[in-house]
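Participant: Sequence:
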Amino acid sequence: MDADDDNDVMVAILSMLLLSLLLSLCYASAPYVSLLLFNLYTTTTTAVTIDTTLSSSSVQRHRQTGSRIDNFGTIVQVNSKRTYDCGLTLNTSSKRAFSSGASTSSSTIASPNASSTSTTSNNTISDQKQQQQQQTHATTTSTAYIGYKDKKILIHGNDVGGVSLALFLKKKGISSELIETKPIISSASSSSAISCYTPTFQSLDRGYFISFSNASILKKYGVFDNIHRKGFNINNQLTVSRDGDKYGSLAYEKCSPSDSPIRLPFTMTESALIESLLSECLQTPQLGEGTVRIRKQKIRSIEQQPQQQQNNNNKDGKALVSFMDTGSRIGYDLVVGADPFDYHHSHTVNANTPPNTTVSHIRQYILNRVPQTKESYTLYQFSTIANRPPVFPAMVLRQFAKDKRMLAFPLPNERVAISGAFIRPPNTAQDPDNGRNKVYHTMCDFEDLGAHTVVALQDSAPENMKLERFDPIRLKDFVSGNIALMGEAADKFTLGSIESYSAAIEDANELAEILSTSNPNQIEQSLARYNQQRQTRLSTIANAILEQDTFTFKGGWKITMLGTLYLKYFFAQFNQSKLVK
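The sequence shown begins at 1 in our numbering and counts up by one.
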């Protein structure tokens, strides 16, 4: 072998060593290169550093710097104009989402050419404000998630309000326990095969009206599209007297807010709405989300921890809840009542018998401690679903007479929701316990479209339809300590009013927003804020419903100004007016 061959061998060996060194360097820096390429591809200046080794010292360091620690112990440090929650889709016009595996969800990433153009042309003042709002929201969510990690929250009631609150808290990284008050068939802790209301409790199902404000809230939490697909659009609202004379109408399309995701409100069955919300609750949590645990136990009692024990007990300032089945007593940092009732049904009773209801322990706890007003009359009310009459249009029908009123609106699958209230049910000697017959004989004098609705109720509503005795009570406060009420548990409005449907989802959104942006160690102060905001927000709705109740169930004299002053004695069944000079 000559000298030239030796030189060739040495060059080859050196080349191989150099190539190996370059490959090693590339392999070691691959995560940073891929993250750099990802940042360039999404045209943002986001610098993301992921540290998958979590020691006790690093936890403390990242807590101090405000980093977010996700469910899997991974620390995500984000320093950018735009802050993303891993695994969560931002509900904005320029939304992007990515997970720890850099996969996109419910969004589209622009190409490099298009993004370079958008970076230079779309950097407006409104976009900067939007970026600041996103960063602020992500920061408060991270803080809330870490702060509430060791807090126990209990929600009583898997009705619309309770399930909405559990879902909204989950989306904000706060875990909760949800007590099942209305039986649900589902596989254990799974979002598949959920069926709301067992056949025994089928009579509890009713219609639900999704308003413009509710639609915007559902859109914000990313669950609107799935729910809207199951709905039925409503065009207008009509208010008529007993004999069908029109008192007023409302075209929903004309009053649709410009920022609403819908132009028309829609309706659906309560069971379908709960199933959709609960499916989202039971989905495997994404990074930064909380969890929802379903409890099938009933509450035996609830009490605040005695003041003298709060400083000497590790259950500091907690609500103590005792459960029936196990006899266990658990301390919770926050207890929220969403369902006003507890439902009981003995297995020895025929399935056609409606379940007995008692006021929930949480509502009763608040009733015993806050000021309230009570009306002098007692009502009987109902809410059910029947087959839709052939002549029923896509509208909300409100029909009233002296001492009674009825509300009806169409549902998907050729069904109609019917609810109402009246003062004195007629005596039906043949079947005194049949609520459906009592409703029919009370409302059978309604004419026009109402007559078709009443006949449909008698022909196809559940035989075990429950007729509820109701004492109108208005609470002046909805909070006591760290125990709060929301939805129907806070305001049990008289049935037969369309205004009452929006309160539960609005309450859930407001409470979730307050908790996620407040100090977790000052829950009572947060609830005091919720109490004040709810009083302000619900005042308009409560006054409107109270005026309807007064008009229908009490009557009296009223002065109105319509060009000329009129003194009007009002009752829904008969009107007497005279001109006052």
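Hints in this document: simulated from the structure, not taken from any laboratory.
One should not assume that every hint holds.
[What the hints assert, rightly or not] Derived lysine-lysine pairs resembling BS3-like cross-links, with alpha carbons at most 25 Å apart:
id	residue 1	residue 2
1	Lys476	Lys554
2	Lys219	Lys246
3	Lys296	Lys476
4	Lys374	Lys254
5	Lys374	Lys151
[Claimed, not checked] FRET-style restraints, in silico, Cβ to Cβ:
id	residue 1	residue 2	range
6	Glu447	Asn387	19 to 25 Å
7	Lys296	Asn543	36 to 42 Å
8	Phe551	Asp459	27 to 33 Å
9	Gln532	Arg300	43 to 49 Å
10	Ser539	Arg329	44 to 50 Å
Virtual Cβ for every residue (Gly too), placed ideally from N, Cα, C.
Participant: Could you tell me whether the CB distance from Lys296 to Asn543 stays inside 36 to 42 Å?
Facilitator: 39 Å, holds
Participant: Regarding Ser539 and Arg329, is the given constraint of 44 to 50 Å on their beta-carbon distance met?
Facilitator: Violated - the Cβ-Cβ distance for Ser539 and Arg329, about 38 Å, lies outside 44 to 50 Å.
Participant: Do the alpha carbons of Lys219 and Lys246 lie within 25 Å of each other, as the hint requires?
Facilitator: Roughly 35 Å separates the two Cα atoms, so the pair is violated.
Participant: Are the Cα atoms of Lys374 and Lys151 separated by 25 Å or less?
Facilitator: 36 Å, violated
Participant: Taking only the CA atoms, is the gap from Lys476 to Lys554 under or equal to 25 Å?
Facilitator: 22 Å, holds
Participant: Is the gap between the beta carbons of Phe551 and Asp459 within 27 to 33 Å?
Facilitator: 30 Å, holds
Participant: Does Lys476 lie within 25 Å of Lys296 when you go C-alpha to C-alpha?
Facilitator: Given pair Lys296, Lys476 is violated - Cα atoms ~31 Å apart, limit 25 Å.
Participant: Please check whether Glu447 and Asn387 have a Cβ separation lying inside 19 to 25 Å.
Facilitator: Given a distance of about 20 Å, which is inside 19 to 25 Å, the answer is holds.
Participant: Hint check: Lys374 vs Lys254, CA-CA at most 25 Å. Holds or violated?
Facilitator: Roughly 37 Å between the alpha carbons, so the hint for Lys374 and Lys254 is violated.
Participant: Falls inside 43 to 49 Å, the C-beta gap from Gln532 to Arg300?
Facilitator: With Cβ atoms ~32 Å apart, the hint is violated.
Violation of the numbered hints given earlier is confined to hints 2, 3, 4, 5, 9 and 10; the remaining hints are satisfied by the structure.
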